[in-house]
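From first to last, the protein sequence lines are chains V and A.
Heads up: the first sequence begins at 1 in this note's numbering, then just goes up one per residue.
Heads up: the second sequence begins at 1001 in this note's numbering, then just goes up one per residue.
Since the hints were derived computationally from the structure, they do not count as laboratory data.
Among the hints, erroneous ones may be present.
Listed next, the stretches of chain A that the computed footprint assigns to chain V, with coverage defined by at least 3 CB atoms under 8 angstroms from CB atoms of chain V [what the hints assert, rightly or not]: (1) 1021-1031; (2) 1047-1056; (3) 1105-1111.
Quick caveat, the model's predicted, so the values are computed rather than measured.
Beta carbons: idealized from backbone N, C-alpha and C, even for Gly.
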Amino acid sequence: DQQVKQNSPSLSVQEGRISILNCDYTNSMFDYFLWYKKYPAEGPTFLISISSIKDKNEDGRFTVFLNKSAKHLSLHIVPSQPGDSAVYFCAARGHTGNQFYFGTGTSLTVIP
Amino acid sequence: DAGVIQSPRHEVTEMGQEVTLRCKPISGHNSLFWYRQTMMRGLELLIYFNNNVPIDDSGMPEDRFSAKMPNASFSTLKIQPSEPRDSAVYFCASSLTGQHGYTFGSGTRLTVV
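The shape of chain A in the complex, shown without the other chains (with noise of 0.2 angstroms):
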């Protein structure tokens, strides 16, 4: 398996852009997770899916961000409007049921200018 995958893997945007951040979950895994990683708060759980559901997104900062999760094999997080503070690298990560740990993909540094 190519593990997680995530695109792309850096991403330079102007303030108040729309990003678009991919991940590719390991196949058969029912569970994904978007984190961020910043000095402060280190790797911060922003949501996470089971079975493509979203579960818990009381991380996700604001309502300028959104993930979506249409099918076992592809997840999305969005920001529209993008600010400079969102400015960090974002993980995908995803697991299976009753497994304990899970499986990060590169992840995305994205810079917002």
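Looking at chain V on its own, in the form it has when it is part of the complex (with noise of 0.2 angstroms):
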């Protein structure tokens, strides 16, 4: 069973607008999340991270947001640019383990 989840196969937004991606985690003992983007032919690539203990973490055009008791975090990519377009996975790491469990992904698509 998938212990997280990306429900949003794909999204499009306005160069210059805000992408908001969303994922789900099933297990509260998930200690850590990381962000993946991902271009065609390519292997997926480290964006952002963040750690129970927080609830944000800021990184240029990029802040992730968790929100424990919903088991839910977000990507924020402010302003998006034509070469954000890609597939973003999110991933969660229990704290007694070193894998990390990926979600489906979500394709963003930034219309210039």
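Take the two lone chains, each set in its own frame, and fit them into one complex as the hints suggest.
Now the structure itself:
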């Protein structure tokens, strides 16, 4: 069963506007969360992370929000740029292991 | 560093044939992961090694799948016999204990016809 879910397979946003990508998880023991970005024919690359002791982490245009009570995290991209068009995966790790569980991905298209 | 290196980039094989995917992790990394990407399940963990020892292989779908890590710089994922439903992109990733996140290879696109 999927422990990490991304319910929106795709998202289209106008250039300059905000992109919001959502992710839900089921395991309350997850203690670390990541977002990866993937271009076609390439491997996923690390984008931004957040620990369960925080509720927000910001890196330039990218901000990740964590709502532990709702078991929900989101990635905000402001302003969105055409180069942000890619598939975004969220991932979560349990506190006892080294492996990350990934969602199914959301394909973001930023329209110029 | 050249990053995580996977070979081949593409593999097309006939059903029933043996397929071997290869991975060279980043030098110094002590954990290695094999993932499979499908539309339905996203990035699915198949198996991971720590210090060349398999730690969790619960994601390996069937006995047709096997993985080895004979040394710190090389791992293989073998499918024997292959089936059309094995068609997917297979990723290898590596990390160092304590690091928060992996470095992925570029993947092997497997097509079984």
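(message) How does the stretch 1105-1111 of chain A fare against chain V when you require at least three residues with a CB closer than 8 angstroms, holds or violated?
(response) Holds, because 3 residues of the stretch 1105-1111 of chain A bring their Cβ atoms closer than 8 angstroms to Cβ atoms of chain V.
(request) Please count how many residues of the stretch 1021-1031 of chain A have a CB within 8 angstroms of a CB from chain V and say whether that reaches 3. (result) violated (count 1)
(message) Three residues or more, CB to CB closer than 8 angstroms: is that satisfied between the stretch 1047-1056 of chain A and chain V?
(response) holds (count 4)
The structure does not agree with numbered hint 1 stated previously, though it agrees with all others.
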